[in-house]
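Peer 1: All chains should be built: construct the whole structure from the sequences, respecting the hints.
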Amino acid sequence: MAIHHLALTTPDVEALAGFYREVLGLPELTRHLDEGGLRSVWLDLSPGILMVERASPPASPSETGWFLLALTIEPGERAAWKARLGSACTHESGFTLYGVDPEGNRFGLSHYPEAAPSRRGSGPTGAS
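Per our numbering, the sequence shown starts with residue 1, numbered consecutively.
Hints were generated in silico from the structure; no laboratory data involved. It is possible that part of the hints are untrue.
[Stated by the list, open to error] In silico SDA-like pairs for lysine to any residue, Cα to Cα no more than 25 angstroms straight-line: (1) LYS82 <-> LEU26; (2) LYS82 <-> PHE107; (3) LYS82 <-> TRP66; (4) LYS82 <-> SER93; (5) LYS82 <-> GLY99; (6) LYS82 <-> THR30; (7) LYS82 <-> ILE3.
Peer 2: Encoded structure:
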């Protein structure tokens with residue numbers, strides 16, 4: 001398994017993404033907008049992605065920072081991983097299974113950008 005992406009939450013996506021882009025030299029891959037404006041900026045870690053995500057206001061210090069460790073899986077392995085995780089799988093998107101470890105840390109098993117075999121053709125339901 002390899003790191004797929006790391007998600008970092010912040011009240012100011014532009015400023016924090018700018019730090020990683022300008023100071024650390026991470027190339028910007030994409031921006032995601034929603035009704036609230038800039039939702040996230042994805043930066044290239046090669047391999048992997050640093051996803052700088054907007055924290056939901058009001059954001060306290062405990063709601064910002066490292067948010068998620070996502071590891072890469074193959075789309076065809078999704079069902080087996082979901083079964084293996086059992087109740088540790090808390091929710092899912094069309095690309096990622098999400099869970100919480102015994103300490104409460106969030107993790108994901110992702111095959112983005114390829115949708116799960118049973119979800120192909122149904123459109124994306126979330127990219128994180």
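Peer 1: Run every hint past the structure and note whether it holds.
Peer 2: Do the hints match the structure? See the list:
1. LYS82 <-> LEU26: violated (32 angstroms)
2. LYS82 <-> PHE107: holds (13 angstroms)
3. LYS82 <-> TRP66: OK: LYS82 and TRP66 at ~24 angstroms, within 25 angstroms.
4. LYS82 <-> SER93: Satisfied, since the Cα-Cα distance of roughly 12 angstroms is no more than 25 angstroms.
5. LYS82 <-> GLY99: Measuring from Cα to Cα gives roughly 10 angstroms; hence the hint holds.
6. LYS82 <-> THR30: Violated, at roughly 29 angstroms.
7. LYS82 <-> ILE3: holds (18 angstroms)
When held up to the earlier numbered hints, the structure conflicts with 1, 6 and fits the remainder.
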